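K.L.:
Chain by chain, the residues:
There are 2 protein chains.
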Amino acid sequence: MFEATKVGRKVGKQDFKEQVTKLRTELLDTQRRLADSGVPVIVLVSGIEAAGKGEVVDRLNEWMDTRGVQTWAFWDESDEDRERPRYWRFWNAMPPRGQIGVLFGGWYQEPLERHMHGKCSDKELEAELARIEDFERMLSVDGALIVKFWFHMSEKDQKARFKKLSRDDRSRWSMMPEKAKFSEHYARFERLAERVIRETDTGIAPWYLIEAANTRYRDLAVGKTLLEAIKTRLDNPMDTSVTHTTRSPSLPNLPDAQRTLLDKLDMDKDISDDDYKRRLDELQGELNELAWAAYKAKRSTILVFEGSDAGGKGGAIRRITNAVDSRLYRTIQVAAPTDEERARHYLWRFWRHVPRAGRMTVYDRSWYGRVLVERVEGFATEAQWSRSYYEINEFEEELSEAGIIVVKFWLHITKEEQLRRFKEREVTPHKQHKITDEDWRNREKWDEYVVAVNDMINRTSTQHAPWVVIPGNDKRYARVAVLEAVTRALRKALKGK
Amino acid sequence: MFEATKVGRKVGKQDFKEQVTKLRTELLDTQRRLADSGVPVIVLVSGIEAAGKGEVVDRLNEWMDTRGVQTWAFWDESDEDRERPRYWRFWNAMPPRGQIGVLFGGWYQEPLERHMHGKCSDKELEAELARIEDFERMLSVDGALIVKFWFHMSEKDQKARFKKLSRDDRSRWSMMPEKAKFSEHYARFERLAERVIRETDTGIAPWYLIEAANTRYRDLAVGKTLLEAIKTRLDNPMDTSVTHTTRSPSLPNLPDAQRTLLDKLDMDKDISDDDYKRRLDELQGELNELAWAAYKAKRSTILVFEGSDAGGKGGAIRRITNAVDSRLYRTIQVAAPTDEERARHYLWRFWRHVPRAGRMTVYDRSWYGRVLVERVEGFATEAQWSRSYYEINEFEEELSEAGIIVVKFWLHITKEEQLRRFKEREVTPHKQHKITDEDWRNREKWDEYVVAVNDMINRTSTQHAPWVVIPGNDKRYARVAVLEAVTRALRKALKGK
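Which chain is which? The protein sequence lines are F and A, in order. Just so you know, the numbering used here puts 50 at position 50 of the first sequence, and the rest follows in order with no gaps. So the mapping is simple: the numbering used here equals the position in the second sequence, first residue as 1, plus 1000.
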C-alpha cells in the first residue's frame, strides 16, 4: 500500500516558493468561501514517526487564515478526559461549521498505539475500526468534510531523518518526550498502519497518503490536497438543509398495526396514599446511598426523561434530585440550542454535559427530540431523523462502554388525563408557566406522536440503555415507578443484584 | 453578629403550605421577568455545618422553573481546575444574563476552610477577602445581582441537628464523606465567619443571615429573600446599556502632553539579513527548549498580541508558534463574541481559554479590545471601559499568582509605514483578505488610538504582566525583539536568570 510514498518525490526550493504563493492565495480564497458554506472541515494528521506531523500543522497555520483554524492535540489527557467516554475529547474538538479543525492523530492514535503495545487484540482493533467508520460516517452525512492524512516514507528515509534529528537540538526537542518509539518496529508498524488505513478508507472520509521524506514536497502536497478537497466540496454542496417536511409519521394501513406499545400499558395503575409515602421514603433513602456508592465506585449515571406533555417529568425528576446530594448531580434542561451548539452536529450539545466519573446527569428532554418533536414537526428532514436512531444507539453504547449507567423514561398519560392537566395548569397560578400554546398545538398531533414514540422505543431500547415506559395517569404511582427503576439499575450495576 | 439567627423562629406546617403556594407563583412570575431583563443572578449558599445547605438548594430547584437555574458545587476539583488560576472554576459557573446560578459555598468556602485548618494567615485571609470584594464589585457593576446566604443556628441547635442526623441513615449519607468537621469548633468557626461576613458585606453584594434551626422557616426565608432581591432589582434597573458614546480619547490641552509613550520609540530600528536569520534560528531553538521545560515545570504562559493594524502581529505570532511544539500551545483569535459569550461578563470569553499547567496560550488581540477599539469606537460606555483597567489588572494578577508567565506586546508602526502596508496588501493576492474597509476607517482615528494606547500601557503595564512595546517598521527586527522578550521571560521564570 505504501509503495507510492517511497518514490523519492521532491520539490525544488525555487519551485516551492512560487507554488506556495499561488497556493496561499487559493487557500485563503477557499477559506472565505468555506466560512459562508456551513461546512465544518476536520483534518486528521497521522503517520509514521519523524514524518514531521508537527511541522505540517505549523505550515497549515502559516498558510491559512488562523481565524478559521483550530488545532487539537490529544496526548496529555486530563482527568476530565479520562473520567468520561473516550470520544468525549473528540467531540470537544469539533470545529463549528465553516471552520477547520486540525486534529493531531485524532481517533486513530490510540488504537494504533494500543495495538503496537499489545494492549488490544485483533478483534478489539476490528471493533474499534468499525466504530471509527460509524463515527466518520455520522459526521459526514451531517455535512462535515473529513480529510485524513497519513505521512509515510521508507525505512531508510526514516532512519536518515532520525539521524538528522539527533544532530539537531531543536528538532530533537520537538519530539514527544515520552512518546512510544515505534521506529524499531518499522515493518510491524507499517503492516498495522496498512490494515487500519485499508479498513477506514471509506469514500466519505478518504485517506490521503503523503510521501514525507522531502519536506517541501510533503507540505505542498498537503496544502494542495486540502485545497482540492475543500474546493470540490464547495463546488458540489451536499444537501443538508433542513427542509420543512410535512409527511406525518404513520403506521401500516392494517387495523392491528394501529395498536402500539403504548396501548399495552395498564393506564389504571395507581398507589395508595400510605404506600406512596412509605415507598417514596424507602426509595429515596436507598437512592441517596446508591448515589454515594456510585461516586465512590466512579460509576456515572445518565437519566433521560421524555414523556407526554404534562406527563409528570418535572415531578418525577424532583423526586430523584431531592434524594441525591446536590453535589453529585446536574439537571440539564434541554431548550433551544445556542449558536455554538447550532454550529455543530446535533449530538454535540448532549456530549458537552456527559458527567465526570461518579456523577449523575439528568436530562429533562434529550437527544430524542430529534425523533419526536423534530420528526413530527418536520424540523428535521426524514434523512436526518431516520438516521439518528442509529447515531443515538451508538452514542448510548459509548456511554455504556465507559461504565455509565443509562436509564431512559417515557412517562405516558392518556389523552383525557392530559386534557385534565392542561386545564388544571391554566387555573393554578404557579402552574400557568407550564402551559403554552405550543402544548395545545402538540396535542392536536397526539396520534402522530404516538407513532413516533412507538418507533423510538422500538428502535432504541437496548440492553445497555433500556427504555422504561411508565403509565403516568397516577402521578404518585409514576414517581415511585421511576425511583424503583433508577434504584434497581444502580443496585444492579454496583452490587450485581 | 449572629444573635438574630438564634431567636427560635418557626413556621407551622399549615402556614408553610399556604405561604409556599403564593411564593412559588411569585417566584415563577419573577423568573419570567428576569429572563427578559438581562440580569444574571448569582446566589451563594454558605453557612455552618448541618444547616441544610443541600436541602435549601433542592428547595430552590423545586420552587423555581429549573430551566433558568443552574447549580454548581465546588468540592471535588479536577486537575483541569487545579491546573488553572483558582477563580477559573467560578468563571466557568457564571450564569448567563437572565438566569440564576446557585453556587454552593462559592468563593467563600476555600478561604474559610483554609483558615480553619491553619493553612492561611490572618494577612492572607485579609488579602483574599479584598480580592473577593473586588470580584463581586466587578460582577455587580456589570449588572449581576449577587445574593449571599449564610445559614446559622445556635451551638445547641446544631448539636441537636447532628444527633438527629446520626439517627437517620439517609441524612447521614447526605453529609460530605470527607468533609472537614468544624462542629467541634463552633465558637472558633463562628468568630471566623463573623469576620468574613463583616468584611464582605458590601452594599452591592449583601449577606443575608438566615436562621436555620427550623427548616420550614429557613426555606421560606430564603425563598422570600431571593424573591425580594430579584424584584427590587427588576423594579430598579441599573443602567448598564451600551450606549454609543462618541467622546474621543484626548490628552490634556498642553503641547507637550501630546507626546506619548509611542513617540519615544526609536522607529528606525532594524536588523540585517544575516543577523535576522542567525538570531531567529537561535531564539526559536531556545524557545522550543524553554516551552518543553515550562511544560515539565508546569508553568503556563500567556502571550498577548496587540498592535497597530498591519503592525505585524500575525507574522510575529507565527515565529513563536513555529518554534513551539504544536501540542503545547493554542492560538486564540479574538473575533466577535458568540451568544454564550455575549451573555456574560466581557472577561468570561478570555477566562475560557486560560491554559492548563505547562501550556501556552497566544491571544491574537485580547481583553484589551475593551480599552482600544471599544473605547475609541464607543462600543463600550465610558463607565465600562474606564473601570476595565482595574479589572484587567486584577485578572492578570490572578494569572500571575497562579504561576502563569504573562507577556504583552504592542507592535507599533508609523502612520506612513501603515499606509505602505495597506497598499501592499491591496495588491498582493494572498494578503488581500487582511485589508478591509474597517482598517481604513480605523486609520482615520489614528490619533485617538494613540491616546488610547498611551493610556492602556500606562495603566496596565505591571511587574507581573509587563507591556513590551516594539517598533515594528522593520518586521524582522520586531519578530526578533518579540522572540527575545518571550525567551527572556520564560528563562527568568524557569531558571531565574
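If you're looking for bench data, these hints aren't it; they were derived computationally from the structure. Note that the structure is predicted; figures quoted are calculated from it, not measured. Even for Gly, the Cβ is constructed at its ideal location relative to N, Cα and C. Check the hints yourself; a few may be wrong.
Said to hold, decoys possible - Sample of chain A residues lacking proximity to chain F, with all beta carbon distances greater than 10 Å (derived):
hint : residue
1    : F1002
2    : G1012
3    : L1028
4    : V1057
5    : T1071
6    : A1073
7    : W1075
8    : D1076
9    : E1080
10   : T1232
11   : D1266
12   : D1309
13   : R1327
14   : R1356
15   : E1397
16   : N1442
Said to hold, decoys possible - No farther apart than 30 Å at their CA atoms in a straight line, the calculated lysine-lysine pairs in the BS3-like style are these:
hint : chain 1 : residue 1 : chain 2 : residue 2
17   : A       : K1269     : A       : K1013
18   : F       : K224      : A       : K1269
19   : A       : K1013     : F       : K431
20   : F       : K6        : F       : K224
21   : A       : K1434     : F       : K22
22   : A       : K1277     : F       : K224
23   : F       : K277      : A       : K1163
24   : F       : K431      : F       : K269
25   : F       : K159      : F       : K224
26   : F       : K298      : F       : K22
27   : A       : K1017     : A       : K1163
28   : A       : K1022     : F       : K431
29   : F       : K475      : A       : K1022
30   : F       : K159      : A       : K1296
31   : A       : K1231     : F       : K434
32   : F       : K298      : A       : K1296
33   : F       : K423      : A       : K1296
To be verified - Partner residues aside, some chain F positions facing chain A, computed with beta carbon under 8 Å:
hint : residue
34   : L28
35   : T30
36   : T66
37   : R319
38   : N322
39   : P337
K.L.:
Please go over all the hints and tell whether each is borne out by the structure.
P.N.:
Verification of the hints:
1. F1002: The claim stands: A:F1002 keeps its Cβ more than 10 Å from every Cβ of chain F (closest is about 25 Å).
2. G1012: 20 Å, holds
3. L1028: At about 5 Å from chain F, A:L1028 fails to clear the 10 Å cut-off, so the statement is violated.
4. V1057: 5 Å, violated
5. T1071: For A:T1071, whose nearest Cβ neighbour in chain F is about 6 Å away, the distance does not exceed 10 Å, so it is violated.
6. A1073: 4 Å, violated
7. W1075: 6 Å, violated
8. D1076: Check fails; 7 Å does not lie beyond 10 Å.
9. E1080: Per Cβ check, A:E1080 is inside 10 Å of chain F; nearest 4 Å; violated.
10. T1232: 21 Å, holds
11. D1266: 29 Å, holds
12. D1309: 15 Å, holds
13. R1327: A:R1327 not clear of chain F: closest Cβ-Cβ about 4 Å, inside 10 Å.
14. R1356: It is violated; A:R1356 is separated from chain F by about 7 Å at its closest Cβ, not greater than 10 Å.
15. E1397: For A:E1397, whose nearest Cβ neighbour in chain F is about 25 Å away, the distance exceeds 10 Å, so it holds.
16. N1442: Check passes; 17 Å lies beyond 10 Å.
17. A:K1269 / A:K1013: 81 Å, violated
18. F:K224 / A:K1269: Cα-Cα ~38 Å, so violated.
19. A:K1013 / F:K431: Given pair A:K1013, F:K431 holds - Cα atoms ~22 Å apart, limit 30 Å.
20. F:K6 / F:K224: 19 Å, holds
21. A:K1434 / F:K22: 16 Å, holds
22. A:K1277 / F:K224: The given pair, whose Cα atoms are some 28 Å apart, holds under the 30 Å limit.
23. F:K277 / A:K1163: 24 Å, holds
24. F:K431 / F:K269: Answer holds: F:K431 to F:K269 is near 25 Å, not above 30 Å.
25. F:K159 / F:K224: 27 Å, holds
26. F:K298 / F:K22: 54 Å, violated
27. A:K1017 / A:K1163: 27 Å, holds
28. A:K1022 / F:K431: 12 Å, holds
29. F:K475 / A:K1022: 23 Å, holds
30. F:K159 / A:K1296: Roughly 28 Å separates the two Cα atoms, so the pair holds.
31. A:K1231 / F:K434: 21 Å, holds
32. F:K298 / A:K1296: Roughly 29 Å separates the two Cα atoms, so the pair holds.
33. F:K423 / A:K1296: 65 Å, violated
34. L28: At 5 Å from the nearest chain A Cβ, F:L28 passes the 8 Å test, so the hint holds.
35. T30: 11 Å, violated
36. T66: Holds, about 6 Å.
37. R319: Constraint on F:R319 not satisfied, violated at 10 Å.
38. N322: 5 Å, holds
39. P337: Hint on F:P337: violated, closest Cβ of chain A at ~10 Å, above 8 Å.
Against the hints set out earlier in the document, violations occur for numbers 3, 4, 5, 6, 7, 8, 9, 13, 14, 17, 18, 26, 33, 35, 37 and 39.
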